[in-house]
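Q: Sequence:
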Amino acid sequence: MLLDLAHWLVLPAPLPARRLGYVGDSVRLASRSRRCRAPWAPHLAAAKATVRAAIEGLARRDTAVVLGSGLLDDVPIDALASAFRRVVLVDAVHPWRARWRARRHPNVSRVTHDLSGAQGLLLGARDAFGPLLPPVCRGADLVVSANLLSQLPILPVARLEAAGRIGAWTDPEAFGRRIVAAHLDALAGLSARICLVTDRDEAEEDRYGRVRERIDLLYGIDPGPAPREWDWELAPFGEAYRDRRLVHRVSAWPDWRPAGERPARERPA
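In case it helps, this note's numbering puts the sequence shown at residues 990 to 1258.
If you are wondering where the hints come from, they were derived from the structure by calculation, not from laboratory data. Since we're looking at a predicted model, the values are computed, not measured. Misleading hints may appear alongside valid ones.
[Claimed, not checked] Using C-beta positions, here's what the derived DEER-type ranges look like:
(1) Asp1116 - Gly1010: 28 to 34 Å
(2) Gly1128 - Arg1196: 35 to 41 Å
(3) Pro1214 - Ala1151: 32 to 38 Å
(4) Pro1031 - Asp1211: 38 to 44 Å
(5) Asp1116 - Arg1074: 35 to 41 Å
(6) Pro1095 - Ala1151: 40 to 46 Å
(7) Ala1229 - Leu1179: 34 to 40 Å
(8) Val1125 - Gly1010: 34 to 40 Å
(9) Arg1088 - Arg1115: 19 to 25 Å
Each residue gets a CB set at the ideal place from its N, CA and C atoms; glycine is no exception.
With the hints as extra help, turn the sequences into a complete structure.
A: Next comes the structure, spelled out in structure tokens:
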């Protein structure tokens, strides 16, 4: 607890990110990742392999953007930095662990950005969603959405449930669905290759393997059939509950496109 508090105090972050709880979430994620290093290892390896597969075959490798870069546990930063002229990490908070991992690559930079688009709404500054993606995405060759999609609605929906109303929004389900759909729509509008990795549902299992509860983490939004899927033991027994564990189903696309869209031609080098 004292280590987490110290981490929270010294972590560089803009004031809105502190007010909205993003810094606290980042600190808790770092702590859980240390405690769950072994059970998380297969998931992190599979996520990194998906990003490496997304790099293959790209004719142009000027700029790669990682959305939801977080701790960089699930991002092969060395491979990206070697393959592209520049790599841009985008998140609401950039933890120390990620900063240390990226600092040995002079072509890696950071952009602080609220990817949910809801920051202005949550702070009462506006009555509409803000820009979802930073401008650097428009000229990128590869954009990675790294275990981000299901995370985007968590704090905004919690805020709405606590407040009862945020702007014109009163329905938490509709609010969460809007955030998830908007992220996919924003990705679909890019000319870059899109690498999408996301958990889709959460199963709460007891020690007999029975599913006690299942939650759709994407609020009914379906990104389409995935070429790669696996289970992620997010919280082993004793982590969140004594006699329950949380298992997430993860879907991954090295080259995601909206359902029904024909493959785009590779851009010339």
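Q: State for each hint whether it applies.
A: Hints versus structure:
Look at Asp1116 against Gly1010: about 21 Å separates their beta carbons, and that is not inside 28 to 34 Å. One distance hint, 35 to 41 Å for the beta-carbon pair Gly1128 and Arg1196, is violated here, with the actual separation near 51 Å. Distance hint check for Pro1214 and Ala1151: the Cβ-Cβ separation is about 36 Å, which falls inside the suggested range of 32 to 38 Å. In this structure the supplied range 38 to 44 Å is violated for Pro1031 paired with Asp1211, their Cβ-Cβ distance being about 25 Å.
Between Asp1116 and Arg1074 the CB atoms are about 40 Å apart, so this pair conforms to the stated range of 35 to 41 Å. In this structure the hint that Pro1095 and Ala1151 lie 40 to 46 Å apart at CB holds, the actual value being about 43 Å. At roughly 35 Å, the beta-carbon separation of Ala1229 and Leu1179 lies within the given 34 to 40 Å, and the hint holds. At about 26 Å, the beta-carbon gap between Val1125 and Gly1010 misses the expected band of 34 to 40 Å.
For Arg1088 and Arg1115, the hinted distance range of 19 to 25 Å is not satisfied, since their beta carbons lie about 30 Å from each other.
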